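Protein chains: 2
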Amino acid sequence: MTTANQTEAVLAHVDAGLNQSLERLYALLRIKSISTDPAYAEECRRAADWIANELRGLGFDAAARPTPGHPVVVAHGPEQAGPHVLFYAHYDVQPVDPLELWHTDPFEPVLKSDDKGRKIIVARGASDDKGQMLTFIEACRAWKEATGSLPLRVSLMLEGEEESGGKNLPPFMEANRAELAAADIALVCDTDMWDRQTPSITTMLRGLVADEIEITCANKDLHSGMFGNAARNPNQVLAEIIASLRAPDGSVTLPGFYDDVAEISPELKAQWQGLGFDEAAFLGEAGLSLPAGEQGRSVLEMLWARPTCEINGMSGGYTGDGFKTVIPAKASAKISFRLVSGMQPDKIRAAFRKHVEERIPADCSVTFHPHGGSPAITVPSDGVHLRRALEGLSGEWGKPAVVTGSGGSIPVAGDFKRILGLDTLLIGFAHVDDQIHSPNEKYDLDSYHRGIRSWVRVLASLAA
Amino acid sequence: MTTANQTEAVLAHVDAGLNQSLERLYALLRIKSISTDPAYAEECRRAADWIANELRGLGFDAAARPTPGHPVVVAHGPEQAGPHVLFYAHYDVQPVDPLELWHTDPFEPVLKSDDKGRKIIVARGASDDKGQMLTFIEACRAWKEATGSLPLRVSLMLEGEEESGGKNLPPFMEANRAELAAADIALVCDTDMWDRQTPSITTMLRGLVADEIEITCANKDLHSGMFGNAARNPNQVLAEIIASLRAPDGSVTLPGFYDDVAEISPELKAQWQGLGFDEAAFLGEAGLSLPAGEQGRSVLEMLWARPTCEINGMSGGYTGDGFKTVIPAKASAKISFRLVSGMQPDKIRAAFRKHVEERIPADCSVTFHPHGGSPAITVPSDGVHLRRALEGLSGEWGKPAVVTGSGGSIPVAGDFKRILGLDTLLIGFAHVDDQIHSPNEKYDLDSYHRGIRSWVRVLASLAA
Numbered sequence: 168m169t170t171a172n173q174t175e176a177v178l179a180h181v182d183a184g185l186n187q188s189l190e191r192l193y194a195l196l197r198i199k200s201i202s203t204d205p206a207y208a209e210e211c212r213r214a215a216d217w218i219a220n221e222l223r224g225l226g227f228d229a230a231a232r233p234t235p236g237h238p239v240v241v242a243h244g245p246e247q248a249g250p251h252v253l254f255y256a257h258y259d260v261q262p263v264d265p266l267e268l269w270h271t272d273p274f275e276p277v278l279k280s281d282d283k284g285r286k287i288i289v290a291r292g293a294s295d296d297k298g299q300m301l302t303f304i305e306a307c308r309a310w311k312e313a314t315g316s317l318p319l320r321v322s323l324m325l326e327g328e329e330e331s332g333g334k335n336l337p338p339f340m341e342a343n344r345a346e347l348a349a350a351d352i353a354l355v356c357d358t359d360m361w362d363r364q365t366p367s368i369t370t371m372l373r374g375l376v377a378d379e380i381e382i383t384c385a386n387k388d389l390h391s392g393m394f395g396n397a398a399r400n401p402n403q404v405l406a407e408i409i410a411s412l413r414a415p416d417g418s419v420t421l422p423g424f425y426d427d428v429a430e431i432s433p434e435l436k437a438q439w440q441g442l443g444f445d446e447a448a449f450l451g452e453a454g455l456s457l458p459a460g461e462q463g464r465s466v467l468e469m470l471w472a473r474p475t476c477e478i479n480g481m482s483g484g485y486t487g488d489g490f491k492t493v494i495p496a497k498a499s500a501k502i503s504f505r506l507v508s509g510m511q512p513d514k515i516r517a518a519f520r521k522h523v524e525e526r527i528p529a530d531c532s533v534t535f536h537p538h539g540g541s542p543a544i545t546v547p548s549d550g551v552h553l554r555r556a557l558e559g560l561s562g563e564w565g566k567p568a569v570v571t572g573s574g575g576s577i578p579v580a581g582d583f584k585r586i587l588g589l590d591t592l593l594i595g596f597a598h599v600d601d602q603i604h605s606p607n608e609k610y611d612l613d614s615y616h617r618g619i620r621s622w623v624r625v626l627a628s629l630a631a
Numbered sequence: 168m169t170t171a172n173q174t175e176a177v178l179a180h181v182d183a184g185l186n187q188s189l190e191r192l193y194a195l196l197r198i199k200s201i202s203t204d205p206a207y208a209e210e211c212r213r214a215a216d217w218i219a220n221e222l223r224g225l226g227f228d229a230a231a232r233p234t235p236g237h238p239v240v241v242a243h244g245p246e247q248a249g250p251h252v253l254f255y256a257h258y259d260v261q262p263v264d265p266l267e268l269w270h271t272d273p274f275e276p277v278l279k280s281d282d283k284g285r286k287i288i289v290a291r292g293a294s295d296d297k298g299q300m301l302t303f304i305e306a307c308r309a310w311k312e313a314t315g316s317l318p319l320r321v322s323l324m325l326e327g328e329e330e331s332g333g334k335n336l337p338p339f340m341e342a343n344r345a346e347l348a349a350a351d352i353a354l355v356c357d358t359d360m361w362d363r364q365t366p367s368i369t370t371m372l373r374g375l376v377a378d379e380i381e382i383t384c385a386n387k388d389l390h391s392g393m394f395g396n397a398a399r400n401p402n403q404v405l406a407e408i409i410a411s412l413r414a415p416d417g418s419v420t421l422p423g424f425y426d427d428v429a430e431i432s433p434e435l436k437a438q439w440q441g442l443g444f445d446e447a448a449f450l451g452e453a454g455l456s457l458p459a460g461e462q463g464r465s466v467l468e469m470l471w472a473r474p475t476c477e478i479n480g481m482s483g484g485y486t487g488d489g490f491k492t493v494i495p496a497k498a499s500a501k502i503s504f505r506l507v508s509g510m511q512p513d514k515i516r517a518a519f520r521k522h523v524e525e526r527i528p529a530d531c532s533v534t535f536h537p538h539g540g541s542p543a544i545t546v547p548s549d550g551v552h553l554r555r556a557l558e559g560l561s562g563e564w565g566k567p568a569v570v571t572g573s574g575g576s577i578p579v580a581g582d583f584k585r586i587l588g589l590d591t592l593l594i595g596f597a598h599v600d601d602q603i604h605s606p607n608e609k610y611d612l613d614s615y616h617r618g619i620r621s622w623v624r625v626l627a628s629l630a631a
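Here the protein sequences line up with chains Z and C, keeping their order. Quick note: the first sequence uses the numbering used here, first residue 168, plus one each step. Quick note: the second sequence uses the numbering used here, first residue 168, plus one each step.
The shape of chain Z in the complex, shown without the other chains:
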């Protein structure tokens, strides 16, 4: 239980200490924790140790724990009344190449003004995800320093392999299930605001089923003059299969594909309509104008509430310069399905494979190679934690926080549900123009400052 006065005191402490908060962020940004490159393994360890040390200074029982890859930092605050939150973020960053496109050293953070006069922090990881991570840790610091304690029990699990596959985290969570599942709700800070004025919580994430197929016809590449017409061409077989996956109305044709897909509620539909999403601008930014999915549905619905089938890659035959009149032996494709709530990855994968197998000529064959599957995530819209977190955000930004979906998949949210039984609130302060994964990554100073303030309020709300 916290009081409004307490919260105001903590917020004032945040404002007064902003420069020191920035200095701490800079210190972390200077550590080159590129997880995918083994040359930076020691830097990853340094980043984990730096964070664990900071958290110990705030009274957490914190350690950088070993995994087969980079360490996972786990920290637990003291026992407290009220809900127990488990915060997730990642301390690793993407590689920085092409380095020549950076205007400043990616690992020497600078505060500058962008072309609209906004203050921005420029460095690799400024937004994704060190800046976002520290909004939470600095909010904890402010509570601790201003009031002597946090308003509720806080644990943290901070990963160092999010940018390089993250395959060691689920086994780590399994191995430490009892300890981590003691929390009541997971908080993840790795997402965007709806716009610069409007905070949001992402409550719907699509799941993913990815499969690779390879079709083999002849036992060797053939000459199209000598064999063309007589020999089956796997490019043709593959193209016919891919074409068969979508109906002219944009729907996916797999039998049973939509069986477990529910229509969104009228309330949610109304809420999304209220977001003022500009379909033409969204598509126009990518040079497109015609939504490709199921006709008659809004783009937001297509993206957040409807499953899709996408051909992420396909290849067969000669694809170099010039021309080669070959009938290849093989053709292959990487195909993925984004799932929405209710759809079962195994069921969709089986339906897909059956659909493909039925279309393979009797003298040809197909092999499948799975590339992972995870169900969609939906946070119940009537949950108390969601409601309180929205209140906290709305209080900071002076307008109602919105509930959004996301067409993407954040596997850790699925792992929280599957392994720990926890719902996840995805709350972040990044913007679409943050250039994450690209040169000149930045985080708005406003994202950082008001992100810290937002967490101060959200923690208070959740504790209420």
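Just so you know, these hints were derived from the structure itself, not from any lab. These figures come from a predicted structure and were not determined experimentally. Treat the hints with care, as some may be off.
Where chains are identical, the list cannot tell them apart; a pair therefore holds if satisfied intra-copy or between any two copies.
[To be verified] In silico PhoX-like cross-links for lysine-lysine, where the CA-CA straight-line distance does not exceed 25 Å: (1) K436 <-> K497; (2) K279 <-> K436; (3) K283 <-> K497; (4) K491 <-> K334; (5) K521 <-> K491; (6) K283 <-> K514; (7) K514 <-> K491; (8) K283 <-> K566.
Given the coordinates of chain Z, work out where chain C should sit on it, guided by the hints.
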């Protein structure tokens, strides 16, 4: 006009001089005339000079003439009564890599026995096309040495770029049209026998239209989570276009595609049925069992007398290891059509492009890149030269020579017709197991010896 006695004398001269004929072939095979590799340009020149010198020794007015690439050897024998033939072959060879798969030095010819006890000449170019070329030149030599003259007027045009695109030959033929078009018929020695006992003349060659298409949807690669369903996926667009090119019955769907395609005559159909072609063995060699073309037609008809559409290459999106959930901006394909007699390459290309353009969504685009087009070639089956050449071949092999088609395209035959107005008789003594373009290329000693004898008889027949 020749007499049977003359021909017998010339044949006896061939038999008696076989060892010297082989030595001359070996000398030519030792020259490393790899046309595609600029490092071997001087070797190509040496091969051309070697041949021109040989021909001058036989009384030809012969020279290696310059082109922007490798030389073309042109030679004319003395004026003679009777028809004037223009013989074509090529002196350049394919590269030899992978060298480690050769059992002997590719440029040091050896005569050895294969696993069936047949004598074979092993070297790069032994079959394709130096061995085949010399069957004709050695036949001319035998006529000259045994009788003092050739039985008809012979010209030769011997190319050095057949294995590297041959783009300099058509302009060379254009520039020397009057000189070359003085011939009555072209002879090409670059094809196979029907089987080891049966000589053949190829009278039908399919034409070719090759086009590359690139479909662009978004202006950049997109994330399939963020955009999947809303953004058009060019892989899907391309697959639907490719799928639309073939009907379920195996026919090509382009409007008008078969308009100019005639059914083969009952006589030809009967002749082809008499060839005893083993469809199951032909497809089985490639690991297949079901003909893919128009159902209800024989495989030989599909290959020789029916046009086809083949997807020689296609690619789009991520095709490396692992998985990337991308919606690519572009997808592309290399597509070719094999044409039969009567079909016009320009008309087919236009029909194809229209078909594609009609299937490009309004906010996407397509570009086309042509890769050449040539019509099919048919030698009139009632021509006197064809009849006489068949008689000559039949006389040598002791069984009727057959008339065959070929699913492939031999552009020079089209150029002879288009530029010089000449029909072409394709007569060769190679076998499908000659390993042309591959390590351990060989030419049967029997192909060489009886090839020379065959040309002795064919020249006599044509002169008759």
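Do the hints match the structure? See the list:
1. K436 <-> K497: Cα proximity of K436 and K497: none, with 45 Å in one copy and 33 Å across.
2. K279 <-> K436: Neither, since 40 Å and 81 Å both go past 25 Å.
3. K283 <-> K497: So K283 and K497 fail the 25 Å test inside a copy (52 Å) and across (33 Å) alike.
4. K491 <-> K334: between (41 Å within a copy, 16 Å between copies)
5. K521 <-> K491: between (33 Å within a copy, 23 Å between copies)
6. K283 <-> K514: neither (49 Å within a copy, 56 Å between copies)
7. K514 <-> K491: between (40 Å within a copy, 22 Å between copies)
8. K283 <-> K566: Result: close within a single copy only, 23 Å intra versus 89 Å inter.
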